[in-house]
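The hints should help you fit chain B onto chain A, whose structure is shown.
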Amino acid sequence: MQALGIDVLLKGNNFIRLIDGLCTALRISLVSVIFSIVFGIVFGIVMTYKNTVIRVVSRVYLEIVRIMPQMVLLFIVFFGTTRMFGLNLDAELASIIVFTFWGTAEMGDLVRGAVSNIPKHQYESSYALGLNKAQTYFYIVIPQTLRRLIPLSINLVTRMIKTTSLVMMIGVVEALKVTQQIIEANRMTAPNAAFGLYLTVFILYFLACWPISLLASYLEKKWSA
Amino acid sequence: MKKFKRIFAVLTAVMMIVAVAAGCSDTSSNAYNTSKKTVYRTLDEIKESGTVKIGVFSDKNPFGYVDENGEYQGYDVYFAKRLAKDLGVKAEYVSTEAANRIEYLQTGKVDIILANFTVTDERKEEVDFALPYMSVSLGVVSPDKKVIKSLNDIKDGDEVIVISGTTAETYLTENHPDIKLKKFDAYAQAKTALENGEGAAWANDNTEVIAYALQNKGYTVGIPSLGSKDTIAPAVSKGNKTLLNWINNEIKALGKEKFFHKNYEKTLADTYGKDYEEQLVVESGKVKK
Numbered sequence: 001m002q003a004l005g006i007d008v009l010l011k012g013n014n015f016i017r018l019i020d021g022l023c024t025a026l027r028i029s030l031v032s033v034i035f036s037i038v039f040g041i042v043f044g045i046v047m048t049y050k051n052t053v054i055r056v057v058s059r060v061y062l063e064i065v066r067i068m069p070q071m072v073l074l075f076i077v078f079f080g081t082t083r084m085f086g087l088n089l090d091a092e093l094a095s096i097i098v099f100t101f102w103g104t105a106e107m108g109d110l111v112r113g114a115v116s117n118i119p120k121h122q123y124e125s126s127y128a129l130g131l132n133k134a135q136t137y138f139y140i141v142i143p144q145t146l147r148r149l150i151p152l153s154i155n156l157v158t159r160m161i162k163t164t165s166l167v168m169m170i171g172v173v174e175a176l177k178v179t180q181q182i183i184e185a186n187r188m189t190a191p192n193a194a195f196g197l198y199l200t201v202f203i204l205y206f207l208a209c210w211p212i213s214l215l216a217s218y219l220e221k222k223w224s225a
Numbered sequence: 001m002k003k004f005k006r007i008f009a010v011l012t013a014v015m016m017i018v019a020v021a022a023g024c025s026d027t028s029s030n031a032y033n034t035s036k037k038t039v040y041r042t043l044d045e046i047k048e049s050g051t052v053k054i055g056v057f058s059d060k061n062p063f064g065y066v067d068e069n070g071e072y073q074g075y076d077v078y079f080a081k082r083l084a085k086d087l088g089v090k091a092e093y094v095s096t097e098a099a100n101r102i103e104y105l106q107t108g109k110v111d112i113i114l115a116n117f118t119v120t121d122e123r124k125e126e127v128d129f130a131l132p133y134m135s136v137s138l139g140v141v142s143p144d145k146k147v148i149k150s151l152n153d154i155k156d157g158d159e160v161i162v163i164s165g166t167t168a169e170t171y172l173t174e175n176h177p178d179i180k181l182k183k184f185d186a187y188a189q190a191k192t193a194l195e196n197g198e199g200a201a202w203a204n205d206n207t208e209v210i211a212y213a214l215q216n217k218g219y220t221v222g223i224p225s226l227g228s229k230d231t232i233a234p235a236v237s238k239g240n241k242t243l244l245n246w247i248n249n250e251i252k253a254l255g256k257e258k259f260f261h262k263n264y265e266k267t268l269a270d271t272y273g274k275d276y277e278e279q280l281v282v283e284s285g286k287v288k289k
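Protein chains in written order, with this note's numbering: chain A, 1 to 225; chain B, 1 to 289.
If we strip away everything but chain A, and leave its shape as in the complex, we get (with noise of 0.2 Å):
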């Protein structure tokens, strides 16, 4: 225990800022999933759209996701609006806004994929029974394109997860920032707790990311009876 320095997180209230930290980065995380997929969802349908400007727009706005690392995004979303707007953002509102701007695209585009493998008989079946255009979409469409999207968006969740790690650099103190602050500040009495503490930050990462794994594959199963 000692060489691993796990013996550091139980001093004083060290155990809990770590949990508080991950809290941080789940809460980040999770409101921004779920902003995520229902405008993905949205912003997916809208892209199978045949009209230019809208394919031009969105194919714009995936490639500047895209290519963007997410720093940069932050930086920008929490000290660019300060610099043109004079916008104060609360920076965990920033983290958020920035997740939910690269989710959405993400998610957009796991939905336009989903939604153009469904077969074309689907929609003229659908309209040969008398449902309408929104009708299609609501009953038809995208039930089976949320079937489709779920092994595919748990991988854009749990990166997700993953990459609250960055929003330290705008000032969030998150379960791995937390790490880092107790890794120094025992920095002469306990070297080597660096490896027990980061150990530990792995596991608590796979115990917030493995339940949705397991809901995924539990929801995989339910769905395709």
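Rather than coming from a laboratory, the hints here were simulated on the basis of the structure.
From a predicted model like this one, the values you see are computed outputs, not experimental measurements.
Hints are not guaranteed to be accurate.
To be verified - No farther apart than 30 Å at their CA atoms in a straight line, the calculated lysine-lysine pairs in the DSBU-like style are these:
1. B:K262 with B:K274
2. B:K217 with A:K11
3. B:K180 with B:K191
4. B:K60 with B:K256
5. B:K81 with A:K11
6. A:K11 with B:K274
7. A:K11 with B:K90
8. B:K155 with B:K217
9. B:K146 with B:K90
10. B:K90 with B:K124
11. A:K11 with B:K266
12. A:K11 with B:K262
Using the frame of chain A, we list chain B on its own:
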């Protein structure tokens, strides 16, 4: 499809030009300062609001770190607490990184940066520095058996250990090209090399070598101060005169009670020992030559 591709290419090109232009103008001039609204809060505005926002490190022991109870501690924080107390307001600490300290001041998201901020000419163009409260330079540590007291003690066959990319490497290469250097990439490698006798001495930031000699028996800092002295000072947003003047007067006033010496003994003495107090502390903003 061809038309679509062309439109897309034009759009991308325009966007890239705009982005590059915006990025360049941002770094070359501080245009945002000339806009009608100031980004910073004046002394009176801070006093009125009841809190002063101070950017500190949260993971740089012993300068700014968070203890096991979640409280900010360290040399910088000890000073920050005093500033807040004398301003008559509450201190709100913001955890900063080395890479975003200037950004925080330029957007007015903090009032003061107290994060082991070394004064350089480039940074002076971006932010305003107050009087210094600490001074650092290079140092050389060597084994007790053969202490290197000056660079002249280094014999022809001897090698000096440095870490690549540090100020120590640049300084020795530029000013003493005749001294042979043994370069390592990481702190741990350099440490092992010195312990294995691969070099006659190890040159690095003096805070680092002093802390090393204190933790490892059998090694002495023969040269505690080498090369040009760098100072560490509080910084405020460019143009924030009222706050800058107040901090400068405060630093001068604190000199009368030997505040930074007290601060050193409380926060740094454990790491650097009492011997180097005069070497590192700057009182009343006056750097000893």
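_Hint check against the structure, violated hint numbers in rising order_ = Per hint list: single violation, 9.
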